[in-house]
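Protein chains: 2
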Amino acid sequence: MGEFELIRRYFDHAAAGAGVIEGIGDDCAVLQVPAGQELAVSIDTLVEGIHFLSEIPPAELAWRLIGAAVSDLAAAAAQPAWLTLALTLPKADPEWLEPFARALAECCEQQGIALVGGDTTRGDRLVLSAQVHGWVEAGQALLRKGAQPGDRVLVSGTLGDSRAGLESLLHPVSAPTQEIRWLQQRFYRPEPRITLARALRPHVHAGLDISDGLLADLSHMLDASGVGADIETCCLPLSGALAHCYPDQALNWALSGGEDFELCLAVPEAAVTTCLQLAEQQGVRLTGIGRITDVPGLRVNDAEGRELAGLAQGYDHFKESP
Amino acid sequence: MGEFELIRRYFDHAAAGAGVIEGIGDDCAVLQVPAGQELAVSIDTLVEGIHFLSEIPPAELAWRLIGAAVSDLAAAAAQPAWLTLALTLPKADPEWLEPFARALAECCEQQGIALVGGDTTRGDRLVLSAQVHGWVEAGQALLRKGAQPGDRVLVSGTLGDSRAGLESLLHPVSAPTQEIRWLQQRFYRPEPRITLARALRPHVHAGLDISDGLLADLSHMLDASGVGADIETCCLPLSGALAHCYPDQALNWALSGGEDFELCLAVPEAAVTTCLQLAEQQGVRLTGIGRITDVPGLRVNDAEGRELAGLAQGYDHFKESP
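One line per chain: the protein sequences are E and R, in this order. Taking the working numbering, the leading residue of the first sequence gets 1, the next gets one more, and so forth. Taking the working numbering, the leading residue of the second sequence gets 1, the next gets one more, and so forth.
Watch out, some of these pointers could steer you wrong.
[Said to hold, decoys possible] If you only want the chain R side, here are some residues facing chain E, beta carbon under 8 Å, derived:
1. Leu-39
2. Ala-76
3. Arg-125
4. Leu-143
5. His-171
[As the list claims (entries may be wrong)] Per the computed footprint, the stretches of chain R lying under chain E, defined by three or more beta-carbons under 8 Å from a beta-carbon of chain E, are:
6. 29-38
7. 62-75
8. 94-108
9. 126-136
10. 257-265
[What the hints assert, rightly or not] Quick list of simulated restraints, FRET-style, between CB atoms:
11. Gly-288(R) / Glu-106(E): 47 to 55 Å
12. Asp-124(E) / Ala-35(R): 39 to 47 Å
13. Gly-226(R) / Pro-90(E): 31 to 39 Å
14. Thr-195(R) / Arg-181(E): 56 to 64 Å
15. Pro-94(R) / Glu-307(E): 46 to 54 Å
16. Pro-90(E) / Asp-93(R): 20 to 28 Å
17. Asp-124(R) / Glu-106(E): 28 to 36 Å
18. Pro-57(E) / Asp-124(R): 19 to 27 Å
The hints are simulated quantities; they were obtained by calculation from the structure and are not laboratory data. Idealized CB from N, CA, C, for every residue including glycine.
Please put together the full structure from these sequences, using the hints given.
Next comes the structure, spelled out in structure tokens:
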């Protein structure tokens with residue numbers, strides 16, 4: 001099976017979508033951004049053996065790839081529109097391609113994003129680069145900069161589940177419980193917070209999605225905004241499954257586990273109630289975990305108000321890993 | 001050196017550009033397509049050991065990557081605007097990154113394209129995915145479909161040089177002549193035909209860039225347009241360097257060598273003279289090599305008008321290689 005046949009057979013399904021003038025099959029996709037909207041663009045790469053295990057089911061890989069990429073659009077409060085996919089494959093194996101392409105189509109449909117182009121190449125390791133394009137009202141993109149002293153720090157959902165799900169895959173338990181399976185789904189199928197981000201956008205000063213871990217990502221927001229923050233560990237939203245299955249690691253993973261793909265937002269005090277109400281209407285948990293200050297740096301305090309010192313190392317260690 | 005440091009040090013130079021509201025450093029780049037313009041998007045991947053030799057100088061790799069990607073914008077007659085780059089690296093080696101990033105910046109400036117975002121990941125092989133974004137007047141994107149029986153087939157520049165340049169790198173000659181070095185530059189530093197494509201666009205029915213080889217790419221145009229074509233080998237534009245250094249392979253490489261990144265256009269007879277004049281004004285060779293017909297298929301005829309039969313195999317063979 002050649003490249004063109006492969007594309008035709010597996011990936012030429014989803015080219016229809018809003019603003020798609022020419023989809024897959026020409027040198028370029030030709031696209032129309034609606035009037036009054038800006039374009040938000042992000043590219044994410046997953047490398048076999050680095051970002052995912054070789055044994056990952058192809059359908060789960062598709063969900064993970066698209067979920068993680070679309071989450072960057074949520075971080076900008078943009079509406080998903082178009083996807084391009086660069087796929088480097090060891091071989092054109094229908095046993096792999098068929099479930100991958102089917103899940104990709106399902107996931108794209110669920111996220112409201114149309115596959116409009118890509119490139120398929122051969123390589124000895126599986127490498128996937130997903131570039132997502134979304135629309136956001138002019139001047140309304142949610143950015144990392146803009147957090148102000150006094151803002152509350154809010155996070156959506158629960159933190160650390162994805163890292164726990166990965167742990168249970170790396171060190172399988174003999175009889176996975178429903179809780180373990182739920183944690184694995186949190187790892188495999190991140191749910192980008194598009195609807196929440198777009199509803200909260202008018203009330204929020206700054207925001208991003210948590211991909212590298214709360215401490216790393218919140219630090220990015222603080223750096224971009226030129227502020228600091230105090231975080232209270234007692235407020236971190238933990239799922240029952242995480243707390244129950246991995247009680248000893250739960251806090252650490254919530255702080256720096258990464259790949260939660262939840263939102264972290266800086267919200268002025270006066271807008272916090274509105275944000276909490278909007279989240280509740282969507283059935284999404286939204287939790288205050290701390291406050292922006294004018295003292296540079298990120299401090300994490302325990303229930304007695306003592307600053308946790310050992311955390312900086314974990315954070316630096318992450319920064320060192322490319 | 002961590003990922004963030006790497007990006008800051010090497011790739012945070014070129015975010016300024018037309019329509020760039022937010023460049024590198026946030027979850028998404030935020031971009032503004034000018035009113036009345038459509039967005040043309042293409043993604044290209046280069047894999048170490050498949051698309052380039054491991055020994056390729058990093059600067060040449062940057063030029064090749066961007067030249068090949070921007071050529072897809074030329075194929076759509078779009079003006080280059082923005083680039084995102086997904087880079088998978090075995091290690092964060094300044095000896096490699098420094099010349100690569102410098103050449104990338106130079107090349108982007110020459111092509112008028114701004115690096116607005118990317119993703120840097122670790123992997124055991126070098127993999128680069130460049131996504132290019134351009135603008136084209138609404139409804140004016142040059143497409144593969146639209147060629148009509150009676151149209152002349154025109155190609156820009158000369159064909160086969162890039163393949164010859166590669167050959168001279170795979171099987172080095174002891175004392176490379178100026179001609180050999182010129183062929184290698186044709187391989188390393190493709191010159192996307194943006195200016196030519198945009199000038200010719202109003203006069204052209206269909207077009208694409210020659211990346212897979214003339215026969216393969218012209219066949220794509222014929223398939224998309226539902227037509228056929230007759231090509232005359234005697235008309236193929238060969239450089240003096242190619243004809244002199246590789247006389248026995250010149251014709252074959254011109255037909256199916258690939259990576260020429262020249263334009264192949266279907267032009268109505270009445271507009272051919274205008275197109276030739278426009279090309280001449282730009283100092284770019286433009287050559288008629290055959291004609292679109294209503295007989296399906298692509299026929300290649302020699303100087304005596306005999307159809308060359310063996311070529312189909314070469315073409316099929318290429319199609320089979322993913």
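A quick look at each hint next to the structure:
The criterion of a C-beta within 8 Å of any C-beta in chain E is met by Leu-39(R), whose closest approach is roughly 4 Å, and the hint holds. With a least beta-carbon distance of about 4 Å to chain E, the hint placing Ala-76(R) at the interface is held under the 8 Å criterion. Interface hint at Arg-125(R): satisfied, since its Cβ lies 6 Å from the closest Cβ of chain E, which is below the 8 Å cut-off. Given the 8 Å rule on beta carbons, the hint for Leu-143(R) holds: about 5 Å separates it from the nearest Cβ of chain E.
With 8 Å as the threshold, the beta carbon of His-171(R) stays out of range of chain E, its nearest partner Cβ sitting at about 23 Å, so the hint is violated. Counting residues of the stretch 29-38 of chain R whose beta-carbon sits less than 8 Å from any beta-carbon of chain E gives 7, enough to reach three: the coverage restraint holds. Given as covered by chain E, the stretch 62-75 of chain R passes the check, having 3 residues with a CB less than 8 Å from a CB of that chain where 3 are the minimum. Given as covered by chain E, the stretch 94-108 of chain R fails the check, having 0 residues with a CB less than 8 Å from a CB of that chain where 3 are the minimum.
With a threshold of 8 Å between beta carbons, the proposed coverage of the stretch 126-136 of chain R by chain E holds, since 6 of its residues qualify and at least three are required. Judged by the Cβ-Cβ criterion of 8 Å, the stretch 257-265 of chain R is not covered by chain E as claimed, because only 0 of its residues qualify and three are needed. Between Gly-288(R) and Glu-106(E) the beta carbons are some 48 Å apart, a value that agrees with the proposed interval 47 to 55 Å. Judged by the Cβ atoms, the range 39 to 47 Å given for Asp-124(E) and Ala-35(R) holds: they are separated by roughly 46 Å.
Distance hint check for Gly-226(R) and Pro-90(E): the Cβ-Cβ separation is about 35 Å, which falls inside the suggested range of 31 to 39 Å. For the pair Thr-195(R) and Arg-181(E), the supplied restraint of 56 to 64 Å holds, since their beta-carbon distance comes to about 57 Å. The supplied range of 46 to 54 Å is broken by Pro-94(R) and Glu-307(E), whose beta-carbon atoms lie about 36 Å from each other. The supplied range of 20 to 28 Å is met by Pro-90(E) and Asp-93(R), whose beta-carbon atoms lie about 25 Å from each other.
At roughly 31 Å, the beta carbons of Asp-124(R) and Glu-106(E) sit within the given window of 28 to 36 Å. Taking the beta carbon of each, Pro-57(E) and Asp-124(R) are about 23 Å apart, inside 19 to 27 Å as hinted.
Checked against the numbered hints above, the structure violates hints 5, 8, 10, 15; every other hint is satisfied.
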